[in-house]
Amino acid sequence: MRKRLFAIPSLLAAGFLPVNAHAFPTKPTLDNGGGKAKSLFDIFKLNHIYTLAGHSSHSSHSSHSSHRSSTGGYSFSSPVYRAPTVPLYSTPSNSAPTYQAPPAPEPAPLKVLPGNTNRFKEIVLQVQLAMIAFGYYSGELNGKFSPEMRAGLQRLQADYGLKVTGTITPETLNALKIEAR
Amino acid sequence: MIPLRIKIEADADHPFVIRLRSFEGGSWQKRPERLNPFDVALQHAGPEGADYAGEGGSIRVFGIDPSEVDGDVLLVNPRRGTADRLVRSSSPHNTFLVTERCDQVCVMCSQPPKKHHVNLFPYFETAALLAPEGATIGVSGGEPTLFMEQLFAFLARVLEKRADLSFHVLTNGQHFDEVDRDVMVSLDQSRILWGVPLYSHDPAVHDQIVGKPCAQERLLENMAFLCRVGASIELRTVLMQPNAAGLPRLARFITAMLPFVRIWAVMQTENIGYGRMNWKTLFYDSSAGFDAIGHAIDFVRSRGIDARLYNFPLCTVPEIYRHLAPATISDWKRAYRKECDGCSLRTRCGGFFEWHPRDHGYSKLGAVQ
Amino acid sequence: MNVWPLKFRELPDGSMLFSDDAGRFFKADDGFLDRYATDELSVADRSFLKEGSHSFDREFDLPWTSFAYRWSQRQSRPEKMNYVILVPTLRCNLACGYCQVSRAPDSARGFDWSDETLAGVLLFLGGLEGPDIKVEFQGGEPLLRVDLLETVRDFCREKFSQSRFVVCTNLQKLDTRAWAFLDADDTFISTSLDGDRTTHERQRTHDDNVTDGFFRNLEQAVARYPKGKISALPTVDVANPPDFDALLDNYERYGIRSVYLRPINHQGFARKLDQGDNVLARWNRLHSEFIDLLIARNHRTGRFMEEYYFTQCLKRVLRFDTNNHVDIRNPNFFASDYVVIDYDGRFYPTDEARMLSRIGRIDLGIGDVATGIDQRKVEALNSGAFNHFDPDCIHCAYQPFCGTDVVDDISRYGRIDVPRPDTWFCGRHLSLFDKAFEVLYRKDKPTRASLAAWLGVAAWDDGMAPVHS
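Chains as they are written, first to last, in this note's numbering: chain A, 1 to 181; chain B, 1 to 369; chain C, 1 to 469.
Hints may be right or wrong, so weigh each one.
BS3-like mimics (lysine-lysine), calculated; alpha carbons at most 25 angstroms apart, straight line [said to hold, decoys possible]:
hint	chain 1	residue 1	chain 2	residue 2
1	A	K45	C	K134
2	C	K159	C	K229
3	B	K7	A	K144
4	C	K80	A	K38
5	A	K111	A	K121
6	A	K111	B	K161
7	A	K45	C	K80
8	C	K27	C	K445
9	C	K80	C	K134
On the chain C side, residues computed to face chain A include the following (Cβ under 7 angstroms) [as the list claims (entries may be wrong)]:
hint	residue
10	Y69
11	S72
12	R77
13	I362
14	D363
15	A380
16	I416
It is worth saying that the hints were derived from the structure and are not from the lab. Note that beta-carbon positions come from the ideal geometry of N, C-alpha and C, so glycine has one too.
With the hints as extra help, turn the sequences into a complete structure.
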């Protein structure tokens with residue numbers, strides 16, 4: 001770039017002082033010495049953006065801010081969580097189901113939106129329609145399950161020779177000619 | 001009301017945590033190759049109950065349709081035949097009740113304290129790790145910080161393993177101490193919101209409300225501590241007859257002494273627990289007089305401190321303040337009334353508490369055109 | 001009890017304003033001042049000071065912590081860079097009388113970004129952290145090179161998850177391509193609207209047809225775009241100001257509620273104009289009258305408009321978190337969150353700095369896109385960019401709310417170490433804050449209604465502005 005002549009030849013001439021790395025006042029710290037400790041100024045200026053507002057993907061921006069008072073409670077006398085040593089084998093039977101807790105928990109975020117999505121509701125509605133057509137259901141067309149609907153579904157599956165689960169299986173949808181998508 | 005406790009059948013001796021998965025209706029395409037050890041998948045559903053099975057075994061659930069509990073994390077008490085829905089995957093309002101013990105006796109307490117304590121932290125930790133992505137988990141009681149060490153360990157471990165989660169911890173702020181400084185500074189405070197109540201600038205009024213002498217003095221010392229460790233604070237003030245008139249003065253106090261709070265939440269009372277017992281002397285009918293509240297809110301906001309109205313039905317709030325009243329009543333205890341029919345604000349109003357009384361409640365309420 | 005040092009100032013109406021370094025303030029009388037100065041505070045004084053968080057007992061106690069927090073919040077901290085002002089061309093299709101830029105004529109050559117410069121700009125943008133960015137296109141008239149604007153915008157949209165674009169345009173000539181560019185949701189318009197039509201024509205367009213062209217385009221833009229997309233600024237000649245009522249009517253007519261009143265900047269072309277004596281005093285009076293007029297008008301119409309910078313000053317006083325407006329913050333570090341890139345690829349700390357260099361006053365360039373930002377020079381500039389130790393500022397009651405503008409100082413005086421009270425910046429802000437406090441303490445309904453609207457609260461009333469009696 002061509003050298004230009006300026007009315008004020010340099011910053012020094014304008015009154016700027018020679019640079020000294022940290023001209024800004026030292027910040028008060030939480031402890032004396034330590035050095036590695038974050039200064040109070042640093043902590044105050046972290047200025048956390050109210051991150052929680054952004055978090056709930058299922059709700060409007062501020063409904064996370066529940067007043068959250070408790071009116072519940074669990075009833076437990078004296079549980080002691082003991083990790084099992086040997087997993088027990090349990091033969092399937094008609095008696096009460098058995099359960100053996102696994103050891104150390106690992107993070108496993110639930111990423112898939114659960115059953116009450118719009119798509120699920122549509123499918124339930126279509127199943128309800130089909131069930132009404134063939135006389136397996138006489139309740140509301142609301143896209144929601146009920147005990148009656150489960151019972152009806154079981155009867156339908158039995159009649160159609162499908163595995164009787166009472167749940168909307170791929171085979172059930174095929175039989176009713178409903179696309180899962 | 002949405003049930004938080006359900007009937008189950010499981011053959012086991014000790015409580016355990018599971019996550020219910022239903023892959024029906026098309027979502028089987030998303031079913032993973034191998035289920036998480038804590039997941040149980042829906043096998044069979046009928047009018048009498050639903051069967052789930054997973055790595056650890058099987059369980060039968062009653063009284064609620066599997067489609068309503070898909071993704072829920074349960075704490076199962078097999079001996080009693082019940083399970084608590086610790087995390088409802090479809091709800092933003094999930095709170096872990098970590099203890100029923102408390103060292104205060106607030107006059108409007110919705111969860112009156114009990115001496116009995118059961119350590120459920122290990123279960124809560126497991127449950128938190130299974131929560132939906134990005135969830136905010138409430139931690140409440142009683143007073144959670146009565147078990148400070150376990151609480152810190154819980155928070156630290158979960159925040160480390162699940163960087164997407166955040167916490168909303170309700171505490172009376174009585175038990176922090178300088179020795180907690182290092183732990184607090186090491187926690188990612190941007191993921192924790194500490195909900196701390198302050199009822200009045202006047203120590204006598206505050207102490208009387210919380211039923212503990214010198215509580216306010218202790219609280220204010222600890223507020224300074226919380227500020228210095230970078231904690232995000234939601235200051236909570238339940239609005240009641242004893243402190244309503246003092247709200248403007250409290251507002252001034254907040255701007256002078258507590259400018260570091262992220263938000264000030266003025267909250268209406270709940271007609272349950274001690275709140276119900278003391279309703280007639282506590283409930284402040286804000287539908288009949290809002291001036292003190294409005295002035296207090298305006299004052300802090302003029303100084304740049306955020307403020308909100310929690311648990312106020314929109315029809316009881318003057319129009320100019322309605323934008324500060326989000327829908328905060330937890331879904332499981334929220335209800336609308338006959339008077340709400342045809343209200344133009346219904347979709348964004350949080351409604352009333354399920355147990356808000358017919359009489360002795362708001363004198364002015366009803367559909368807004 | 002330890003009282004934080006109080007600074008005081010006698011206001012034009014004779015009352016006394018006190019403030020501390022963290023920005024809390026109150027009014028009191030001479031009696032209090034005497035007692036404070038002679039260290040003979042009364043019990044009532046102590047109680048008042050304690051309640052107002054002007055004192056503390058022990059280090060780290062709640063009042064101490066609150067003060068430290070508020071003080072810290074008021075300090076503007078260097079942020080990552082997320083705001084870039086780009087000047088893709090110096091050419092302009094208008095010749096405004098006060099043009100600061102020493103613009104080049106429409107048909108000139110050599111005043112646009114070369115291909116290398118464009119590549120350098122994109123390289124620079126690519127190196128920014130993100131995730132957000134705001135790009136402001138200036139000039140000249142940026143729409144003369146809408147192709148360059150498109151390239152930059154496409155690049156930013158790709159690279160950053162949140163981008164926002166502002167085109168500072170004279171709205172004289174828009175072809176289909178320009179309209180298409182402006183149509184995007186992430187793109188905003190900033191233009192000049194100098195009051196009523198007569199003033200606008202006298203100062204900017206000079207010709208009936210040209211003026212028509214501008215207003216036609218402005219109307220079309222207003223009809224086409226949602227509220228909030230278009231903002232405008234009036235540039236006011238203190239020697240020949242527009243009719244303010246007409247100005248406000250005009251702004252309202254075009255859906256713009258926020259008016260940022262700016263005096264003609266005496267750089268560039270404007271320096272040649274003779275503005276007469278005592279410009280500062282006249283400007284201050286003009287601005288003060290504008291605020292009063294605004295308050296009356298707001299009350300009359302029930303529709304609230306604001307003077308943008310005055311509202312900023314009110315917020316600087318009341319709040320401790322209004323510390324990032326580039327025109328008023330302290331410290332006002334350069335090249336931290338924003339920077340200017342000129343038509344030739346040179347970096348400048350501010351737009352005014354670019355102009356000063358352009359007109360040969362002083363070289364405030366801080367590098368170029370080929371070689372990067374010159375940090376040493378930035379540091380040198382930054383060494384003067386705060387008021388904490390200025391011998392006059394430390395005694396000023398408005399210090400916590402105020403800032404610095406070293407570029408303006410150089411522009412007017414050639415030096416940055418002129419005694420503060422002798423500078424335009426100081427004189428301007430003393431007047432602004434005097435007015436701010438006057439307004440804050442007024443009791444009449446119209447003022448309070450405007451205050452409430454400007455501050456975003458439902459009502460402003462007694463007790464909002466503290467008094468110690």
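Requested in this report: Given the hint that C/K159 pairs with C/K229, test it: the Cα-Cα distance must not exceed 25 angstroms.
Outcome: OK: C/K159 and C/K229 at ~23 angstroms, within 25 angstroms.
Requested in this report: Starting from C/K27, check that the Cα of C/K445 is at most 25 angstroms away, please.
Outcome: Within the cut-off at roughly 21 angstroms; holds.
Query raised in the report: Against chain A, with CB atoms and a cut of 7 angstroms, does the hint on C/I416 hold up?
Result: This hint holds: C/I416 lies near chain A, its Cβ roughly 4 angstroms from the closest one there, short of 7 angstroms.
Query raised in the report: Do the numbers back the hint for C/R77, that is, is its least Cβ distance to chain A under 7 angstroms?
Result: Interface hint status for C/R77: holds (5 angstroms vs cutoff 7 angstroms).
Requested in this report: Using Cβ atoms only, decide whether C/A380 comes closer than 7 angstroms to chain A, and label the hint accordingly.
Outcome: C/A380 check passes; min Cβ-Cβ to chain A is 5 angstroms, inside 7 angstroms.
Query - Restraint status (C-alpha distance of C/K80 to C/K134 at most 25 angstroms) - result: holds, 12 angstroms
Query raised in the report: Has the given pair, C/K80 with A/K38, been kept, meaning a C-alpha gap of at most 25 angstroms?
Result: holds, 20 angstroms
Query raised in the report: Any CB of chain A closer than 7 angstroms to the CB of C/Y69?
Result: Check passed: Cβ of C/Y69 comes within 5 angstroms of chain A, closer than 7 angstroms.
Query raised in the report: Between A/K45 and C/K134, is the straight-line Cα distance small enough, at 25 angstroms or below?
Result: holds, 22 angstroms
**Report entry** chain A contact restraint for C/D363 - C-beta distance below 7 angstroms
**Finding:** holds, 5 angstroms
Requested in this report: Grab the minimum C-beta distance from C/S72 to chain A and call the hint holds if it beats 7 angstroms, violated otherwise.
Outcome: OK, holds: C/S72 within 7 angstroms of chain A, min 4 angstroms.
Query - Pair hint A/K111 and B/K161, alpha-carbon separation not exceeding 25 angstroms - result: holds, 15 angstroms
Of the numbered hints listed earlier, not one is contradicted by the structure.
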